[in-house]
Amino acid sequence: MLAELGHFSLALAFLMAVALAIYPMWGVQRASQTMMALARPLATGMFLFTAIAYGALTWAFVSNDFTLSYVASNSNSALPVYYRVTAVWGGHEGSFLLWVFVLSCWTVAVARFSRAMPQPMVARVLAILGLIAASFYLYVLTASNPFERLLPFYPVDGRDLNPLLQDIGMIMHPPMLYMGYVGFSVVFALAIAALINGRLDAAWARWARPWTLAAWVFLTIGIMLGSWWAYYELGWGGWWFWDPVENASFMPWLAGTALLHSLAVTEKRKLFKSWTVLLAIAAFSLSLLGTFLVRSGVIVSVHAFASDPTRGLFILGILAVTIGGSLLLFALRAAGLRSLANYQPVSREVMLMGNNLFLSAATLVVLLGTLLPLVHKELGLGSISIGAPFFNQMFSYLIGPFVALLAIGPLSRWKNQSLLALRGQIITGLLIAAVGSLLINWQYSGIEAWALVGTLLALWIGVSTVQEIVSRHGDGQAGMQSLKRLTPSHWGMVLGHIGFAVTLMGIALTSHYSVEKDVRMAVGERTELAGYQFEFNGVTSLQGPNYRGQQALVDIYQDGEHIAHLRAEKRFYQVQRNMMTEAAIDGGFTRDLYVALGEQLSNGDWGLRLYVKPFVRWIWAGALLMALGGIMSMLDKRYRLAQAKTNAPVEQLQGQTV
Amino acid sequence: MKSRLILVLPLLIFFGISIFLFSGLFSDPTYKNQVQVSRDIPEFALADLMQPQVIYDQSVFSGEVTLLNVWGVWCVTCDVELPFLSQLREQGVRIVGLYLPESVDADFGTKPLAQLQREVTAKLQRLGNPYQFNILDADRQYSIDLGVTGAPETYLVDKKGVIRMHLIGDINPQNWQTQIAPLYQELLAE
Numbered sequence: 001m002l003a004e005l006g007h008f009s010l011a012l013a014f015l016m017a018v019a020l021a022i023y024p025m026w027g028v029q030r031a032s033q034t035m036m037a038l039a040r041p042l043a044t045g046m047f048l049f050t051a052i053a054y055g056a057l058t059w060a061f062v063s064n065d066f067t068l069s070y071v072a073s074n075s076n077s078a079l080p081v082y083y084r085v086t087a088v089w090g091g092h093e094g095s096f097l098l099w100v101f102v103l104s105c106w107t108v109a110v111a112r113f114s115r116a117m118p119q120p121m122v123a124r125v126l127a128i129l130g131l132i133a134a135s136f137y138l139y140v141l142t143a144s145n146p147f148e149r150l151l152p153f154y155p156v157d158g159r160d161l162n163p164l165l166q167d168i169g170m171i172m173h174p175p176m177l178y179m180g181y182v183g184f185s186v187v188f189a190l191a192i193a194a195l196i197n198g199r200l201d202a203a204w205a206r207w208a209r210p211w212t213l214a215a216w217v218f219l220t221i222g223i224m225l226g227s228w229w230a231y232y233e234l235g236w237g238g239w240w241f242w243d244p245v246e247n248a249s250f251m252p253w254l255a256g257t258a259l260l261h262s263l264a265v266t267e268k269r270k271l272f273k274s275w276t277v278l279l280a281i282a283a284f285s286l287s288l289l290g291t292f293l294v295r296s297g298v299i300v301s302v303h304a305f306a307s308d309p310t311r312g313l314f315i316l317g318i319l320a321v322t323i324g325g326s327l328l329l330f331a332l333r334a335a336g337l338r339s340l341a342n343y344q345p346v347s348r349e350v351m352l353m354g355n356n357l358f359l360s361a362a363t364l365v366v367l368l369g370t371l372l373p374l375v376h377k378e379l380g381l382g383s384i385s386i387g388a389p390f391f392n393q394m395f396s397y398l399i400g401p402f403v404a405l406l407a408i409g410p411l412s413r414w415k416n417q418s419l420l421a422l423r424g425q426i427i428t429g430l431l432i433a434a435v436g437s438l439l440i441n442w443q444y445s446g447i448e449a450w451a452l453v454g455t456l457l458a459l460w461i462g463v464s465t466v467q468e469i470v471s472r473h474g475d476g477q478a479g480m481q482s483l484k485r486l487t488p489s490h491w492g493m494v495l496g497h498i499g500f501a502v503t504l505m506g507i508a509l510t511s512h513y514s515v516e517k518d519v520r521m522a523v524g525e526r527t528e529l530a531g532y533q534f535e536f537n538g539v540t541s542l543q544g545p546n547y548r549g550q551q552a553l554v555d556i557y558q559d560g561e562h563i564a565h566l567r568a569e570k571r572f573y574q575v576q577r578n579m580m581t582e583a584a585i586d587g588g589f590t591r592d593l594y595v596a597l598g599e600q601l602s603n604g605d606w607g608l609r610l611y612v613k614p615f616v617r618w619i620w621a622g623a624l625l626m627a628l629g630g631i632m633s634m635l636d637k638r639y640r641l642a643q644a645k646t647n648a649p650v651e652q653l654q655g656q657t658v
Numbered sequence: 001m002k003s004r005l006i007l008v009l010p011l012l013i014f015f016g017i018s019i020f021l022f023s024g025l026f027s028d029p030t031y032k033n034q035v036q037v038s039r040d041i042p043e044f045a046l047a048d049l050m051q052p053q054v055i056y057d058q059s060v061f062s063g064e065v066t067l068l069n070v071w072g073v074w075c076v077t078c079d080v081e082l083p084f085l086s087q088l089r090e091q092g093v094r095i096v097g098l099y100l101p102e103s104v105d106a107d108f109g110t111k112p113l114a115q116l117q118r119e120v121t122a123k124l125q126r127l128g129n130p131y132q133f134n135i136l137d138a139d140r141q142y143s144i145d146l147g148v149t150g151a152p153e154t155y156l157v158d159k160k161g162v163i164r165m166h167l168i169g170d171i172n173p174q175n176w177q178t179q180i181a182p183l184y185q186e187l188l189a190e
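Top to bottom, those sequences are chains A and B.
Heads up: the first sequence is residues 1 to 658, going by this note's numbering.
Heads up: the second sequence is residues 1 to 190, going by this note's numbering.
Just to be clear, a hint being listed does not mean it is correct.
A few chain A residues facing chain B, derived, Cβ under 10 Å [claimed, not checked]:
{"no.": "1", "residue": "285"}
{"no.": "2", "residue": "293"}
{"no.": "3", "residue": "316"}
{"no.": "4", "residue": "319"}
{"no.": "5", "residue": "327"}
{"no.": "6", "residue": "328"}
{"no.": "7", "residue": "330"}
{"no.": "8", "residue": "334"}
{"no.": "9", "residue": "378"}
{"no.": "10", "residue": "434"}
{"no.": "11", "residue": "435"}
{"no.": "12", "residue": "436"}
{"no.": "13", "residue": "469"}
{"no.": "14", "residue": "579"}
{"no.": "15", "residue": "602"}
For the record, the hints were derived by calculation from the structure and aren't laboratory data.
If you're wondering where the values come from, they're calculated on a predicted model, not measured in any experiment.
Virtual Cβ for every residue (Gly too), placed ideally from N, Cα, C.
With the rest of the complex left out, here is chain A (with noise of 0.2 Å):
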């Protein structure tokens, strides 16, 4: 009954989408206040409504209702209630379901904080929104129910949710990528409707960069999750494998970085207002894209299952509609958003149109990457793959270049900057980078030279970033003291920069550092890895709610003294009978060790996988040091100066006019 419920509120929703998409839009046509202010009230209830199948699914799955066909096929009810909550969006028509709740929550968010827009925004903006939603709630819908019942026949018992999906990665990966996705909808609902109005100025910028920011945020931890999860749950040390799935989330992410700094030129300078439209454009675009990617079927190994394809070409329209439809509107409006202000070739402007132009590259690159083994089968070329080298040479190259920009590029003015003038800090940064790279260095055998210049790159980013509040803000006692006049979006980005040094240090010297081996062991036996020795302690039996296993007791010692204790599983699901690898790992500071059990030998000895790997865990720090600086930049005042100033007016103008 519930469920019919929920059924029944997801058409309801439907409704208020479409209601949302037509009435405010026509509105500001006819400049009618009242069909305006229907924006916001519909934009609730439409989350409310969703909000309400949402939970309808929810409890069927905490419930263990299997007459509904989309629960039986992803639930057990031997499996733990939080994973039954976190089931629901495990497959295809549960993630669509969290896809267009999300969705609801963005614009709801929007209905609420928007007190500083000018209403005729306000209502263009959530109309965008609710177009977009209402195709979505179609799709789900039509397309693709979560409610659909197994009536009068249907199963005793769930198959059980993928083993993969039960981990607590896998509880907050999801949601998080979703709320990154399906928040750049916000800024590309900004941007349709700027290229509606035909202006876009300052207080347009300021608008869309919290919400910009609040998306990229959810994003880069969505992301660091999943690379997260990869590493522990899939058993191979790998923390980005470069594959369609992952490439469909860093797209979005390198266009959204692109214009977060986009935005900054031209809230701060008024320039490159087209150039920031189609990278609000290109995030959420490449968000459905993403999606489409991945839900679709088009780009999966040969060896998954066949996929309806009327789904597919149902969230294909939608692409079309929703990107062919708003880069039409570009091509035919963004000539008329002119930029006035003038500048120098070699300024800041230029540095962030340099950067700006590297992740667009990247972007491309991954893009190309993606996609082109479709179109190389299309073509009735053959099937080909593109592997992570690829993408790491790719990289490799981008790297130097984008970094020389982003450390160079905050130390230098807007409009003009004589590059002599930098040349004391470029020089002092570098010889200080170059040391400190050849030190880490030192410490590993076998120096390779691309760790070498990687950890060269994040320092050099870490020193420059130093000189930038140095140089801005004096040094010693009078530094001290205006560092904490330091705007929180001057903090925002030091921190960003700071997280992506930290990261790309984590990246260059786990890549080249990390040592492996397979070994067999005996029970007691010992074996040694980079300085480690790995004792081997036999293996006790497991038994979980949903599996049973084994578990090998690995103690590991460092110069004779007892570091760690580690348990490594395997894991058999019963029900789906599967083999899941629980790797165990003790994290530190600079390295990890990891074990990973593999199979038992005829003789009675184990397989195991043992790692040794450096700094990985700065990978996934400086993420979070990233998301950190997205939130303090969020936080500055100015993007709630302007919600005070014109709440204060409105109250006046109120109190006038009656």
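Put chain B on the given structure of chain A with help from the hints.
Chain B only, in chain A's frame:
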């Protein structure tokens, strides 16, 4: 005018991409691997999965049209095609299994054979046994000779032991009817 062109460029790029996305939706992910077709099945000498003392070689393919099906108990898609393959066996199609063991890491070793046999027997009892017999490709060397990219994959071998079709992915009623059966009937008549 020139700047107008630049503004239209994103739309054109998207248009181009969507053509491929569209055709990708309808293209069959299984395709004939041209390289492997029309050549003799590579030589081999491999043991039977259930009776290791029995050694087969390429002569098992002569005189009969055979489907050589590459599979493993660890392969999820294989579970789906086993019942349909079993139906085909009942209709008289000769199917030989090439069993791909999951772990071939030299240091890890493979599963004990007895355990593997137990798992295979259990699976075939549950989902149906389409195979005349199963060849165990213990070190996966033969799969490399055959150009196997994963499981499931199927080779259609004619009476002279020549590979006539290489199908990647599962065999289902649809692609059997449209793609495989016509060639199979033709080869039977040869």
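- prompt: Among the hints numbered above, which are violated by the structure, and what are their numbers in rising order?
  reply: Per hint list: 10, 11, 12 and 13 violated.
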